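Trainee: Each chain is listed here by its residues.
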Amino acid sequence: MTAESVMASEALGLAQHEQDLVETLVLDHSRLVYRIACSVLRNETDAEDATQETFLRALRYRKKLARIQDPKAWLARIAWRVAVERHENKIRAADADPPDDTLVSPVAGADRLLLEEERGALLDRLLSALPEELRDPLVLLTLEEMSPREVGLVLDISEAAVRSRAFRARQILRERLLALTSPRK
Amino acid sequence: MEPMDQERELDRWLDTALTTRGRIEPRAGLEKRVLARLSAESHFAKPHWLRWGWILFATATTLWLVVWLAWTQLSIPVAPVAKSLPSPANASGTAPAARLSGVQATHPRNLADVRRLNAKSGAGASQRISPARSETFPSPCPLSEQEELLARYVRDFPERAVQVARAQTELRKQDEREMALPRPDTASTDLDQ
Chain G
1030 MTAESVMASE ALGLAQHEQD LVETLVLDHS RLVYRIACSV LRNETDAEDA
1080 TQETFLRALR YRKKLARIQD PKAWLARIAW RVAVERHENK IRAADADPPD
1130 DTLVSPVAGA DRLLLEEERG ALLDRLLSAL PEELRDPLVL LTLEEMSPRE
1180 VGLVLDISEA AVRSRAFRAR QILRERLLAL TSPRK
Chain E
283 MEPMDQEREL DRWLDTALTT RGRIEPRAGL EKRVLARLSA ESHFAKPHWL
333 RWGWILFATA TTLWLVVWLA WTQLSIPVAP VAKSLPSPAN ASGTAPAARL
383 SGVQATHPRN LADVRRLNAK SGAGASQRIS PARSETFPSP CPLSEQEELL
433 ARYVRDFPER AVQVARAQTE LRKQDEREMA LPRPDTASTD LDQ
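Top to bottom, those sequences are chains G and E.
First residue of the first sequence? That's 1030 in our numbering, and the numbers climb one at a time after it.
First residue of the second sequence? That's 283 in our numbering, and the numbers climb one at a time after it.
It is worth saying that the hints were derived from the structure and are not from the lab.
Treat the hints with caution; some may be incorrect.
Stated by the list, open to error - Taking lysine to any residue pairs in the SDA-like style, the calculated list, with each CA pair at most 25 Å apart, reads:
#1 LYS1101(G) / ARG309(E)
#2 LYS314(E) / GLN1045(G)
#3 LYS1101(G) / ARG319(E)
#4 LYS1093(G) / GLN1048(G)
#5 LYS314(E) / THR1053(G)
#6 LYS1093(G) / ARG309(E)
#7 LYS1092(G) / ARG1110(G)
#8 LYS1101(G) / ALA318(E)
#9 LYS1101(G) / LEU332(E)
#10 LYS314(E) / GLU1082(G)
A quick note: this is a predicted structure, and the numbers were derived from the prediction, not measured.
Only chain E is shown next, with the shape it has when bound in the complex:
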């Protein structure tokens, strides 16, 4: 190939390559996609005052809520409840009158005080928060092995468990009756002696 022809060929190649490079077509619907993206990014177009308005509104609402909640918490009458809470002495179940010493309680004037105190304590009993009695409401604790066995037995054989319980109750009642009766044998032996 002549040098001139070769250069002409190269020019043609370069022209074609450059033209092809510049003629890239986008996928169909590029304009729609761009408009959709612009609408999705609408926060760019929102006026500043609107955004700041929302921020201020949210902040003010939050502050008002916090203040209101704090005020509500403070306005709850805590002091009377604290006074009526049982002291360690109260927790043991003793009445205020019982706290007075025996000498003081026997004095007529003191007896009147005791009555007044008892009346007061009776009136305030409904408002008082009494501690839960452990014998009535035992604290939840896992059952022992024997208790578990018993519970399982009752669950598996409820009728037999009832029968056994009844039989035991009858037996205990019978024992109590026998214990309550006088013992003729022992009396006679005593007389014999």
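Chain G with its partners taken away, still in its complex shape:
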């Protein structure tokens, strides 16, 4: 145990076993929590804030930490809720424009859209156009740490539903990409 963690635990006023649990949670899952937040918020600063908020919320249940069966899924679920709440607040605050239906820049051609630097932006736009119940399982499944079972625990749906929804989402994405890359008539 490092000196920093000892100081932190003293400041938190935690018992030894609680302190160990919190520290283990942070060390093991902070990266996953960050990635979940980033997959929703698409902004590093917001994602880090959401990560810290997730652990702060988790700390409220420090007395029950020892009884939690699957801490990873539990944290992932909190992180997902925090990120979604923040995302909704952000949209509400910014009064953001609805996603563009055309998805095609009038200047850039289809070939240019497939360039490396625009891949992420194009995928984000395609994903944002998906229905929420299809998008969420696919987004969470893209995180390498998350299994379909854990995604199901986060979204409160069955593992089979996760797989089928992700498959349908992926099909829709392919069709839209195909429509973008095929020559216009």
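With chain G held as given, fit chain E onto it using these hints.
Mentor: Below, chain E without anything else, positioned relative to chain G:
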């Protein structure tokens, strides 16, 4: 490009994009920052009884202070001071004896009362709060134009001011001496007439 090849290309593109999207790395030291934030927000972890204990302690201390201050203020002997405060008649500087009418004061029995009253007033004079005399302590008011000019002159030329003051004093004393002397001229003229 064949349709099959195109679809395969699209699948590959989609796989790569999704994988890249899910591999976002946080800045180095995320765990340390999270632990630091958790320790900074230590109030989340403080036991409730400790927080309530502090709140109760602070409230009790404040209440005790308020009560003590109120009690201290009430216990100050206000009444005797109020009695010794000068009445409008007193404020004009008249002694209690002077308030008695002339007839009453000339009566032997009343004279004794007056002496007793005078003795009492003399004894209580040190305790009495006498009003400030305006001729001794004039109320602060801005200087007039002439006074300001005089003050400036004294400030700028102090030696000359002293000389002038002395000269004026000498002149006034000389006038007083002359006025005090008998006038031989007028006496002789009276005799002549």
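Trainee: Given the hint that LYS1093(G) pairs with ARG309(E), does the C-alpha gap stay at or below 25 Å?
Mentor: violated (30 Å)
Trainee: Taking 25 Å as the top limit, are the C-alpha atoms of LYS1101(G) and ARG319(E) close enough?
Mentor: Distance ~20 Å between LYS1101(G) and ARG319(E) Cα, so the pair holds.
Trainee: For the pair we were handed, LYS1101(G) and ARG309(E), check the Cα-Cα distance against 25 Å.
Mentor: holds (21 Å)
Trainee: Given the hint that LYS1101(G) pairs with LEU332(E), test it: the Cα-Cα distance must not exceed 25 Å.
Mentor: The given pair, whose Cα atoms are some 32 Å apart, is violated under the 25 Å limit.
Trainee: So if I understand the rule, the pair passes when the alpha-carbon distance is 25 Å or less; does LYS314(E) with THR1053(G) pass?
Mentor: holds (12 Å)
Trainee: CA of LYS314(E) to CA of GLU1082(G), is that 25 Å or under?
Mentor: Holds, because 14 Å separates the two Cα atoms, which is no more than 25 Å.
Trainee: Please verify whether LYS1093(G) and GLN1048(G) have alpha carbons no more than 25 Å apart.
Mentor: Holds, at about 13 Å.
Trainee: Given the hint that LYS1101(G) pairs with ALA318(E), does the C-alpha gap stay at or below 25 Å?
Mentor: holds (21 Å)
Trainee: LYS314(E) and GLN1045(G) were given as a pair; does the straight-line alpha-carbon distance stay at or below 25 Å?
Mentor: holds (19 Å)
Trainee: Quick one, are LYS1092(G) and ARG1110(G) close enough, alpha carbons at most 25 Å?
Mentor: holds (21 Å)
Comparing the model with each earlier hint shows violations of hints 6 and 9; every other hint is respected.
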